[in-house]
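Just so you know, we're using UniProt numbering here: the sequence shown kicks off at 1 and counts up by one.
Warning: the hint list may mix true and false statements.
To be verified - Pairwise CB distance ranges (calculated):
#, residue 1, residue 2, range
1, G124, R152, 17 to 23 Å
2, F222, A150, 42 to 48 Å
3, T337, N252, 22 to 28 Å
4, A102, A151, 23 to 29 Å
5, D183, E117, 34 to 40 Å
6, L85, R188, 24 to 30 Å
Claimed, not checked - Below, in silico cross-link-like pairs of lysine to any residue (SDA-like), each with a Cα-Cα straight-line distance of 25 Å or less:
#, residue 1, residue 2
7, K323, A150
8, K39, P21
9, K176, A207
10, K323, H97
Rather than coming from a laboratory, the hints here were simulated on the basis of the structure. Every residue gets a Cβ at the ideal spot worked out from N, C-alpha and C, and that includes glycine.
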Amino acid sequence: MNLQEEFKLRVLAGKRGDLLPTAASLAAEYGVNIKTVNKALNQLAAAGMLDRKRRVGTVILGSGEEAAGKGIIEVIFSGFTDPFLHPFWGELLKGIHEVLSAADYRMILNHIKSNPETHLFDIGKIELSDAAGRITVGPCEKHLLDWIAAARRPTVAAGDELADRETPSVYFDFQKGISDAVDYLYRRRNCRKIAFLGHVNNLINPAAQQKLYAYTLAYQQFEQLDMNLVQECWPIPGKGRIAIEQLLEKSNPEALIVGSDLLVPEIDAYLRTRNLDIPIVGCDGVALATPPADYSVVRAPRRECGQTAARLLLETIQKGGGKIGRHALRAEFHPGTAS
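Could you build the full structure based on these sequences and the hints that come with them?
Encoded structure:
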């Protein structure tokens with residue numbers, strides 16, 4: 001007896017909104033244990049045919065092709081602009097959409113926003129939709145991610161590395177890319193004072209300092225670390241100019257590594273007002289309309305990240321469960337044309 005097929009027939013014979021018997025009742029009816037029943041029901045829930053709610057029961061969502069062929073994946077996005085227009089996350093979202101569309105899944109976006117001062121989320125104002133699975137893009141707050149995971153749907157985070165190693169994720173590894181950038185600036189460009197501008201003190205997600213740690217490890221291969229060459233800066237438009245002003249008040253850098261290259265235009269504009277012509281390395285790989293004259297980049301595989309996260313999520317849904325794990329995608333350094 002294929003228990004999942006038996007339950008599927010009951011779903012197809014039912015109506016949307018009907019409740020199935022409890023897992024204990026089904027276990028007694030079919031002569032199996034509750035664990036086996038729950039596994040079969042969870043597989044149908046992952047396929048979008050059922051919704052299992054605490055204190056409510058197992059609810060029929062749909063039947064036939066409508067339920068089985070058109071699963072829904074919720075993408076929970078956090079960013080300062082329209083998701084697909086976001087200069088960094090837009091490419092990653094396109095990768096997610098490509099994989100989901102090819103698998104006949106529908107993607108719905110849930111755009112959430114954090115407090116601009118604390119960067120924390122008000123969970124009381126966030127609603128989750130009925131979905132077979134979820135992908136988080138942007139939010140890194142463990143309290144929020146744990147709350148989303150508690151909804152008991154397969155979930156994976158895509159993009160930034162997370163400090164919590166138990167959270168399923170596909171993330172960018174900047175270690176080698178930034179190390180190669182420092183090596184390039186020091187050996188080939190003869191820059192000794194290489195500054196870093198980016199996350200320095202992110203208490204919400206300490207792993208956001210990955211770029212800083214890569215920079216400090218690489219720089220100390222050549223010179224003793226000078227903390228005056230390090231400046232905190234959140235990747236939000238307008239923060240770049242403020243940060244470069246603060247950096248120049250305490251140091252005279254010969255090169256600059258920017259943790260978020262969407263801030264490079266405003267940083268470059270300010271440097272030009274100071275008549276400073278120094279090499280700049282941006283991290284992420286955002287296409288700039290007018291890049292600096294002396295510009296290199298550590299490019300993150302954003303579309304691949306979205307594709308990988310979506311593929312792993314769908315595999316888990318189709319298997320009826322399992323661990324997604326952590327998967328690193330290496331960012332690569334691409335030197336500019338200046339020598």
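Tested hints:
{"no.": "1", "hint": "G124 <-> R152: 17 to 23 Å", "result": "holds, 20 Å"}
{"no.": "2", "hint": "F222 <-> A150: 42 to 48 Å", "result": "holds, 47 Å"}
{"no.": "3", "hint": "T337 <-> N252: 22 to 28 Å", "result": "holds, 25 Å"}
{"no.": "4", "hint": "A102 <-> A151: 23 to 29 Å", "result": "holds, 26 Å"}
{"no.": "5", "hint": "D183 <-> E117: 34 to 40 Å", "result": "holds, 38 Å"}
{"no.": "6", "hint": "L85 <-> R188: 24 to 30 Å", "result": "violated, 36 Å"}
{"no.": "7", "hint": "K323 <-> A150", "result": "holds, 15 Å"}
{"no.": "8", "hint": "K39 <-> P21", "result": "holds, 15 Å"}
{"no.": "9", "hint": "K176 <-> A207", "result": "holds, 16 Å"}
{"no.": "10", "hint": "K323 <-> H97", "result": "holds, 22 Å"}
Going through the hint list in order, the structure does not satisfy hint 6, though it satisfies all others.
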